[in-house]
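K.L.:
The hints should help you fit chain B onto chain A, whose structure is shown.
Protein chains: 2
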Amino acid sequence: MDDRPIGVFDSGVGGLTVVKELRTQLPHEDLIYFGDTARVPYGSKSVPVIRRFSLEITRFLESQRVKMVVVACNTASALALDFLRRQSSVPVIGVIDPGVRAALAHEQVRAVGVIGTQATIRSEAYQSRLLRLRADCQVVAKACPLLVPIVEENLVATPIATLALEMYLAELRDRRLDALILACTHYPLLKEAIAAFLGTGVTLIDSAEETAREVTEVLQARRITGPADRPGTEEFYVSDSPEAFMRVGEPFLGRPMRQVFVEHVWKRDLGLGPDATPL
Amino acid sequence: MDDRPIGVFDSGVGGLTVVKELRTQLPHEDLIYFGDTARVPYGSKSVPVIRRFSLEITRFLESQRVKMVVVACNTASALALDFLRRQSSVPVIGVIDPGVRAALAHEQVRAVGVIGTQATIRSEAYQSRLLRLRADCQVVAKACPLLVPIVEENLVATPIATLALEMYLAELRDRRLDALILACTHYPLLKEAIAAFLGTGVTLIDSAEETAREVTEVLQARRITGPADRPGTEEFYVSDSPEAFMRVGEPFLGRPMRQVFVEHVWKRDLGLGPDATPL
Numbered sequence: 001m002d003d004r005p006i007g008v009f010d011s012g013v014g015g016l017t018v019v020k021e022l023r024t025q026l027p028h029e030d031l032i033y034f035g036d037t038a039r040v041p042y043g044s045k046s047v048p049v050i051r052r053f054s055l056e057i058t059r060f061l062e063s064q065r066v067k068m069v070v071v072a073c074n075t076a077s078a079l080a081l082d083f084l085r086r087q088s089s090v091p092v093i094g095v096i097d098p099g100v101r102a103a104l105a106h107e108q109v110r111a112v113g114v115i116g117t118q119a120t121i122r123s124e125a126y127q128s129r130l131l132r133l134r135a136d137c138q139v140v141a142k143a144c145p146l147l148v149p150i151v152e153e154n155l156v157a158t159p160i161a162t163l164a165l166e167m168y169l170a171e172l173r174d175r176r177l178d179a180l181i182l183a184c185t186h187y188p189l190l191k192e193a194i195a196a197f198l199g200t201g202v203t204l205i206d207s208a209e210e211t212a213r214e215v216t217e218v219l220q221a222r223r224i225t226g227p228a229d230r231p232g233t234e235e236f237y238v239s240d241s242p243e244a245f246m247r248v249g250e251p252f253l254g255r256p257m258r259q260v261f262v263e264h265v266w267k268r269d270l271g272l273g274p275d276a277t278p279l
Numbered sequence: 280m281d282d283r284p285i286g287v288f289d290s291g292v293g294g295l296t297v298v299k300e301l302r303t304q305l306p307h308e309d310l311i312y313f314g315d316t317a318r319v320p321y322g323s324k325s326v327p328v329i330r331r332f333s334l335e336i337t338r339f340l341e342s343q344r345v346k347m348v349v350v351a352c353n354t355a356s357a358l359a360l361d362f363l364r365r366q367s368s369v370p371v372i373g374v375i376d377p378g379v380r381a382a383l384a385h386e387q388v389r390a391v392g393v394i395g396t397q398a399t400i401r402s403e404a405y406q407s408r409l410l411r412l413r414a415d416c417q418v419v420a421k422a423c424p425l426l427v428p429i430v431e432e433n434l435v436a437t438p439i440a441t442l443a444l445e446m447y448l449a450e451l452r453d454r455r456l457d458a459l460i461l462a463c464t465h466y467p468l469l470k471e472a473i474a475a476f477l478g479t480g481v482t483l484i485d486s487a488e489e490t491a492r493e494v495t496e497v498l499q500a501r502r503i504t505g506p507a508d509r510p511g512t513e514e515f516y517v518s519d520s521p522e523a524f525m526r527v528g529e530p531f532l533g534r535p536m537r538q539v540f541v542e543h544v545w546k547r548d549l550g551l552g553p554d555a556t557p558l
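The listed protein sequences correspond, in order, to chains A and B. Heads up, the first sequence is in our numbering, so the first residue is 1 and it goes up one at a time. Heads up, the second sequence is in our numbering, so the first residue is 280 and it goes up one at a time.
By construction, these hints were calculated from the structure, which means they are not laboratory data. A quick note: this is a predicted structure, and the numbers were derived from the prediction, not measured. Please note that a few of the clues may not be correct.
[Said to hold, decoys possible] Below 20 Å or equal to it, Euclidean Cα-Cα: the simulated DMTMM-like pairs (lysine to aspartate or glutamate) are:
hint, chain 1, residue 1, chain 2, residue 2
1, B, 546, A, 263
2, B, 546, A, 209
3, B, 421, B, 445
So here's chain A without its partners, still in its complex pose (with noise of 0.2 Å):
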């Protein structure tokens, strides 16, 4: 047993819906959620940059005494997992492995798209994970960097939505494709309109909830589970103003939010271990 939170960071909003499978799946751990709204967004960033505002924000979370961090941002799952992974002495769960282990769930999966950030779409580390546990499937990556801003201006029911998807998905649909892992937070709110775009027989793969399972799992194999006698708490921490969080964030979490703080990470001394790759 363990009474400490989890942490989950982001580098948004997008996050929130790792947060709402968590609190269904978990009803009893704490958590502490940190949206790096300041410098949203990660994925046209590189990957120094990544790693450093990855870094001060799980430096952050320890501080709140987390047990588990998960990164809920694909871009900085892609990017920073490992590195973190090697900086810090609590577990560090990312977005990929749950969403590539659900694309391949069932055996007769062979074609598989991606679609995410530039920067989640250059790292190639979904298409190298898939191709890992399954050698002989067709995997086809499309960075969609248009994608956030249209979900995070409320553009979702317009035609630019359409356009946008018509554009980038055209291709993937020529492909035939049994699943497609939607490897940005954003864009499980393009859903229906991916759905139909793409016709009946493609599996739509949202790591939301498999990340949740997967945060389960470690809990248990590590036996620090929470105590089950209480509700949990959950706080959440962003580094630009909480009155637009709060707002632009309630579709992704799907309740309101009561409180949010305001962190500034950056003011964090990094801690940098031995084997850390300059930033």
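P.N.:
Here is chain B on its own, set in the frame of chain A:
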């Protein structure tokens, strides 16, 4: 005579259009540019965060002994200019006043449009200045948040750009504008498409040229122009990867950059004066 360099900053690459104009109008001045590529964009962020970032950058430029700071970013000009002027001992020039003066250059101008980021439009910086200088003018302001990612993702010549312009500018076309201020450094790259959509009769105002003119005037008025006996030098700094900046920045500057340095401005002491609002 003053041989110190002029500092110019922006949230990213856009301010290079101002560097380009400064170089044309002031061939002998040394220039130091900073692009905050690790934290771009500013346009969707809050006032305290935009002020904090702008002050960190100003402190960096001051450490490079600049004789003037040019805020080439519309969002930072709209939200942080007065604040920076109170905090800095060198003249601080923004892009808003020059843009407003250019829009009102002709006596008969009565209807002016302004397009920019969420933060710029919400600040009403342009709207209030236009009305202060010409009380009977009609001002129509519109935030166009998708245009920056469209320019940065190189989608200017695609149907997405056409559709986005139609979505944002339809109501402005119906207002029979005399002038439209392109209140974001990215928009000049959409100038042709905007002109085609609005039709003839609307003067498009690109602040870079006007801002360079104001810089020249201030240098002369304060007698701090540089030596005229040699070509001016240029130094470029960014907070994220130089490679991406050099590639994306070239169309803004109109020529390649030889070298770009990395500077982590967030490590700087803000040195807040006693009259500062808390950040």
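K.L.:
Give a verdict on every hint.
P.N.:
Structure-based check of each hint:
Simply put, residue 546 (chain B) and residue 263 (chain A) have alpha-carbon atoms about 16 Å apart, close enough for the 20 Å limit, and the pair holds. Simply put, residue 546 (chain B) and residue 209 (chain A) have alpha-carbon atoms about 38 Å apart, too far for the 20 Å limit, and the pair is violated. The hinted pair formed by residue 421 (chain B) and residue 445 (chain B) meets the criterion: a straight-line CA distance of about 12 Å does not exceed 20 Å.
Of the numbered hints stated above, the single one contradicted by the structure is hint 2.
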